[in-house]
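Kindly generate the complete structure, drawing on both the sequences and the hints.
Sequences listed follow chains D and G, in order. Following the numbering used here, the residues of the first sequence are numbered contiguously, the last one being 1059. Following the numbering used here, the residues of the second sequence are numbered contiguously, the last one being 447.
Honestly, the hints are just simulated from the structure, not real lab data. Accuracy of the hints is not assured; some may be wrong.
Unchecked claim - Incomplete in silico selection of chain G near chain D, CB under 7 Å:
1) C12
2) T26
3) L72
4) L73
The beta carbon of each residue, even a glycine, is placed where N, CA and C say it ideally should be.
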Amino acid sequence: MGMPTCATRCTLLLVLFTCCLLQVKGQLEQTKVSVSGKQLPLQHIFNTIQAQTNFYFSYNADIDVTQLMDVHFVNTPLSIVLHTILRNKYAWTLDGHSINLRKLRQQLPPATPSPPADTPKLLIGKALDETVVIAYGTTTLRFATGNLTAIKAENIAGPAGANILLALQGRVPGLLITQTGGIGGMAMKVQLRGQNSLVNGTQPLYIVDGIPFNPVLTGGLGSFIWGENASAFNFINPEDVESIEVLKDADATAIYGSRGANGVILINTRKGRIGKTRLRLNIAKGITHTARKVKLLNTAQYLEMRREAFLNDGVAPNERNAPDLLQWNPHRYTDWQHALIGGTGNNTSAHAAVSGGTTHGQYLLSSHYRKESLVFPGAFGNTRGGMHISTNTWTPDNRFNAAFTGSFLADRTMLPGFDFTSRIMLPPNTPPPYLEDGSLNYAWLNPYIALVGPTFDAHVTNLLANVGLQYRLLPGLSLKTTMGYNWLTGRSSILTPLAIYPPAIRNTRTGSSRLAHYESVSRIIEPQVTYTHDKADWYIQALAGGTLQGYNESRETLNADGFKDDALLHNIYYADTVYGKKEGAIYRYLALFGRLSLRYHNRYLLNLSVRRDGSSRFGPRKQFAVFGAVGAGWIFTEEKFMQPLRHILSFGKLRSSYGTTGNDQIGDYQYLGQYNPTDGTYQDVTGLTPARLFNADFAWELTRKSEAGIELGFLHDKLLFSASYYVYRSSNQLVSYPLPDITGAGNIIGNLPVLIRNSGLELALTTQHIKRRRFEWASSFNISFCHNKLINYPDPTIPIQSSFQFVEGQALSQQYVADAMGVDPLTGTYLFADAHHHPVPADKAAETHPVDVIPVCYGGWQHDFRLGNFGLQLLLQFTRQQGVNTTFDPDYMPGYQRNQYAAVLSRWRQPGDVATHQRYTQLTGLRDSYKQAISSDMGYEDASYIRCRFIEANWSLPAAPLARLHLHDVKLYLQAQNLFTLTRYSGLDPETQSRTTLPPLRGLACGLKIAL
Amino acid sequence: MLLLCGCRKMLDVGTPIDRTTTNAAFDTDVSAAAVLTGLYFTMSTSGAFMGNTGMSYLCALSADEFLLQQEDPLSLSLYQNDIRTTHVPFWRVLFQCIYVANAAVEGLSATTRLTPAIQRQLLGEARFMRAFCYFYLVNLFGEVPLVTTTDYKVNAGMRRTPVTRIYAQIIADLKEARQLLAATYFKGDILSESQERVRPNKWAATTLLARVYLYQENWAEALEAATAVLDNRDSYNMVSLPQVFLKDSKECIWQLQPANETFTDDGALFIDQRPVQISASLLHAFAYNDQRKRYWLKGSTSPYPAKYLAADLSATAKEYLVVLRLAEVYLIRAEARAHTGDISGARADLNVIRHRAGLPVTDAGDTDMLTTLILQERRIELFAEWGHRWMDLKRTRTIQQVMPAAARAKAANWQSYDALYPIPVSERLLNKNLSQNEGYPD
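This is the structure in structure tokens:
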């Protein structure tokens, strides 16, 4: 009879539990098993027992089978083994040959408050001891020295919709995600803790299952709507994601070296788990529609504006400059907002997953399908499907483990040639889009012509595969290699048929097509060695490893012109001329890294990380660099003197970190000297002309991150509070700075010792207000304040090419605009303040009024309720910011042949009028003062908003009918995205701040989840 | 360390597929030739060599050739001999061309992958182009930094180099180019011969060399070089006045192909935009029966330059921009002969020009008389071309006598320092080692 050599050391923090061992049947006494080893995961012990006996284990996902323990049993009765390894934490019952485990309800200061099995579980309830993924390993929030935020699967799929980044909106302190529009695939602006680079990339590093993932589908396959920076996250299925971890400070990101300056976002897909085979189904159906409208002029107001404009200008309307006044029906009214973006989009999604596993191996198989249509007229939309596979296998001796994860997604997107939102300002009295015989009306610039062309049709496929091999060499010492591969490729066609031309002139025109092909391949191999020592008061973990990473991207476009027949448009064989272009880049990266984590008495934490890396993006003299960080923590509530307060302050940690990281989002090949083709020929030859000088010292931008934080848990961790303050100092900025002409080149891209400071405060509070048997209420609130400042700009004579004027001592995003001083009562033009604050016309205006459109603060507030079998989830997102006032159409002044926001009605009409808008005009004379008004404080307004990002109400079938139906779980839910937005913003949407792109849509859906 | 060496190799990503890197540019005959072709394309589009920002126009404004009738700020500043240091023409483009030439000299000297004949030809073109640009820099600005490498770190802080050293470099480049370049004209592939004379050849280098020796008053060498060019009677001949500026004219030693392949910017400028007319002093310098007045001037009451007649794509005859032509070589040899005592030879050369212009042959019998006549002839023959007048005034050290009166005529204020253009202020902001020419605001 053996005795356990060591108690469950990894669970030291789980303070007292009651022992609740149930009656054991006699056969357990007779069955003998042998299992021994140090730091064995619980799962391995289960494996071994199953291999030696005819019993097997069944349990739910809340059982932590990765828990490590030292055991030594030789021919020990199974009952004793079970007692020893499960004591204090799990209860078990015997059901035939199945040993059914369930987690014990915690009675005293809990770590992971979890409701009894098979009752609905609240999503919030920040678990200090839940496993969270970090760089090359896992940790718990309790012992983390770095700043990290974890989002779990339950919170991802619903709010994400089709793009996983949306699941992070409002949830992560310090992370600002801005949608640029409401159509799937449009670019996402993601900024973690401010703008750390003067002009270069500030995207975080994304790692999907260990594979660096390019967040941008460069070029957007040529789609005007997707744009140059289409979001590649559109091609990852959010329902396949298990967790997202956002790593921010130096301690968490320095191990990513020259890629970590802008933070790191780890995305981990779902894995199989030990347990009975389960089939999970999720079917949902929903609609989307535009949530907000702007008030525009109606036909009478519009025609009045036009007539007044001609009158003001002293110009007589004629058929060329005023068809709307003279030719079009003055009584027609079309609400273009309603016609073009007022439709209803439908979406249907289905997801099925089978998972389970024995202790020898676990698996997960899932597939999904989603179809959605746009709110635009026409049959545009998106259909996608895919599958996800994960397997995990252990050898019987538990020394070798092989894991595989693979995802495949195929997407087809059909979009119009332009965003119909850009046409909502058409005059309200335009002729009808269709003639009486139902054919298109070509007599005017009819937006419905876009339904026939140009049309965008893209097929994108995304393959992610990851293999992890692990071998336990000695107790505590493991060798591990992960290999990852991502293949994202797309083909698109943009067809411009003859049908876009009026029939009468079609014989003089030809059709054209534009084909695009995009392909990116990312691959990575990371061998690692870990050593874990867990003895007495010390817990030590050492990690060393290397990275070999490559990324290839290529983009090809083929233009074909001269098609005589629309039916032949798909085959470039029938084109007269075909010409194409291929672009691409290769990126290579390699690194060595190491980390040493020390924990003493479970209260003193120290974490050292270092990385030496090299990147092909840097010049030959600066290819390698060393980055490193130190993080320290002190769990002061573990100290003796704090014990008397334990019932109030159950957890308290102070932590701090400092380190360096680099930004290598500086483009490929930028250090190489380059020649570009001349834009014309000489002797019928296209020449080459030098475009860029070679710079051997071209290097990364450096960010030094320092951070201090406090994390507190009150009342048995029912209330968890965390505050972090950070200061990032970014230097060595890569800019294109001018050289004297005698060098032959106007400028060179090089590192300039510019210093940018980003600092901020992030607060998060997670509370379990009420926790009863029938009713639970938990909430989580986070808010971030950030501040950006250009500390040092070495030489003000060096002009940096950027849309912003950089001023030392001010934020990078700070702009200076004029102070508007109303409309001149005499002339009806805008007036602005000059240097002495006297009203002057536009040409004498002083641009001294500071405007900063970067949010001052932002955050989110999430609530989770459960009443019996009813659940309610709510996420409010808020941002306080200045935004662009879209009342001003930069292309068409009020009076032009274009509709306007109703706000322009308060305009100047005659001398003496005091008005907010200058007089209507249809000439260009007032253009300067109009442009100045856009570039004045009038051009900006408060764009703060509170948005109900996500709300879900659900009902779970009670246990009794479930049992009768032999179902594990049935849940019915209603979801809404962007249900309402509270804002004073006058435009379409305060987040996108655009008058020409579709705002984020309101989505309503109902669905059913079934688990067998 | 060993690991790192291996690492460096692994980080080598080669060259981008959609662009040519500096290293790869001289790896193949085609791309190496394209670099020089790109340089000629730059010359024919950059504006420093033609049109209303070109030398033929702006230098003539500085001198006494034109009466300005339109007043754009740059033209006006040169016309009034009042160049602003913020708006200095030519500097940037000339140094850009020198950078390409330097890069080509470096690349072509280092590479071993090209066909030897092509490599020699291109190296010759590059060295010729470097000399060509420095010739204008040194004549327009005086001392300038002598940049002969592409290392921007060295070049960005360079001081100005004495004029004699710059000339030494120009002569060395031209002598080398004369050796390297073939006597024929090539197409863009540097393989097949071309009818067009749009790439410099051996005789272009020799012509420029002759001009440089003339400017140096090295009469013997100038004589030798000019004679070498003039001996090629098969290739080069004087043609009738209306044909001098046509594409492929036999008189031309080097032309630039305009981007539109039909008409030159100078044609568009002088004929179409017509911002200037000939100054009274230049008009009076024409003899009564000079045929050049008939063919190269237009407008009876207010004559304007009309060497190029094509001003738009409808032109019947195609014109290319003439950079070097035989008439100048005759005049160079005439001047060299006059100074070396070959009076009859000088007279014969001068008479070639006079004869074509329908002027009686001269029988001037001594060096002084001949040189005066030759300079008069240069003024007429080469007016509104490449700043010849402006530079002749300077090399003959007559500028300070001629310009005060000329300045009065164009209501300008002549200062003796105006003979040199200023160094651009933006250059001096970025390169503290660069001094300003005397007289200009520091």
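- Could you check the structure against the hints above and give me the numbers of any it violates, in ascending order? 3, 4
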